[in-house]
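**Student:** Sequence:
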Amino acid sequence: MSETWFLISVDAGMSSMPWRIRADSARQIRETFAEVAVVAGPAERATDLAAGIDDVDIDSPVLPSALAALRATRDAQRDRPGFGALLDRDVIHLRARDDESDDDTLPEIYLMELGPDGHRRRQVEIFRDGTSVRIRPEDILFDPPADLYDPDLAAQEITAAEFEEGWRAAGR
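Just so you know, the sequence shown maps onto residues 1 to 172 in my numbering.
Bear in mind the hints are in silico, worked out from the structure with no lab data behind them. Worth double-checking, as some hints may not be accurate.
[Said to hold, decoys possible] Label-pair distances were calculated between CB atoms; the ranges are:
no., residue 1, residue 2, range
1, Pro-61, Arg-128, 43 to 53 Å
2, Ser-65, Ala-161, 35 to 45 Å
3, Leu-141, Ala-161, 24 to 34 Å
4, Asp-55, Arg-27, 18 to 28 Å
5, Ala-169, Pro-64, 39 to 49 Å
6, Leu-141, Ala-169, 23 to 33 Å
7, Gly-171, Ile-53, 41 to 51 Å
8, Pro-116, Asp-59, 22 to 32 Å
9, Arg-168, Ile-53, 38 to 48 Å
Glycine included, C-beta positions come from ideal geometry on N, C-alpha and C.
All chains should be built: construct the whole structure from the sequences, respecting the hints.
**Tutor:** Here is the structure:
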């Protein structure tokens, strides 16, 4: 059984789902569960912040349903090419496309610059009409960290030069 407590959170849109989890390290938590942010840890700080939050042991065979689903997602990702390929980097650049929305007022393409924690540092939003805008950290209301273990993100990686070209061309 692990000895250290961490406070974790899962982004749920306008809110989050927190747990206090016993694990060996923050990395073990991220390797075990998809889309989980380690908010605080270890020990006292996680304990102080977690009053009234459910306690979970990372090695428990029975987990709350949301965590069980995130563990199953991570297990399914583990053997795919690109799993964890974005870890341990100072800067990561990605290009994501929104193919699900037909709304012309929403961006079609996102160029993102992420830090080593998966949070956005800068972003370019490119619209269907070809216009684009720069987004800085102070413009971002909600910024759950990207899951750098996710092999789908590794497939979206672009070069720094590609990002910078989009950044220079964007308005604002």
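**Student:** Taking 18 to 28 Å as the hint, is the beta-carbon distance of Asp-55 and Arg-27 inside that range?
**Tutor:** This hint holds: roughly 20 Å between Cβ atoms.
**Student:** Is it true that Arg-168 and Ile-53 lie within 38 to 48 Å of each other by Cβ?
**Tutor:** holds (45 Å)
**Student:** The hint says 24 to 34 Å between Leu-141 and Ala-161; measuring C-beta to C-beta, is that right?
**Tutor:** Because 29 Å falls inside the window, the suggested range holds.
**Student:** Confirm or reject the claim that Ala-169 and Pro-64 have a C-beta distance inside 39 to 49 Å.
**Tutor:** holds (45 Å)
**Student:** May I ask you to test the hint 43 to 53 Å on the CB atoms belonging to Pro-61 and Arg-128?
**Tutor:** Because 48 Å falls inside the window, the suggested range holds.
**Student:** Just to be sure I understand the hint, the distance between the Cβ atoms of Leu-141 and Ala-169 should be within 23 to 33 Å; is that true here?
**Tutor:** holds (24 Å)
**Student:** Look at the Cβ atoms of Ser-65 and Ala-161 and judge whether their distance stays inside 35 to 45 Å.
**Tutor:** holds (44 Å)
**Student:** When you take the CB atoms of Gly-171 and Ile-53, is the distance between them in 41 to 51 Å?
**Tutor:** Because 43 Å falls inside the window, the suggested range holds.
**Student:** Determine whether the Cβ-Cβ distance between Pro-116 and Asp-59 falls within the hinted range of 22 to 32 Å.
**Tutor:** 27 Å Cβ-Cβ, so the 22 to 32 Å window holds.
Taken one by one, the earlier hints all hold for this structure without exception.
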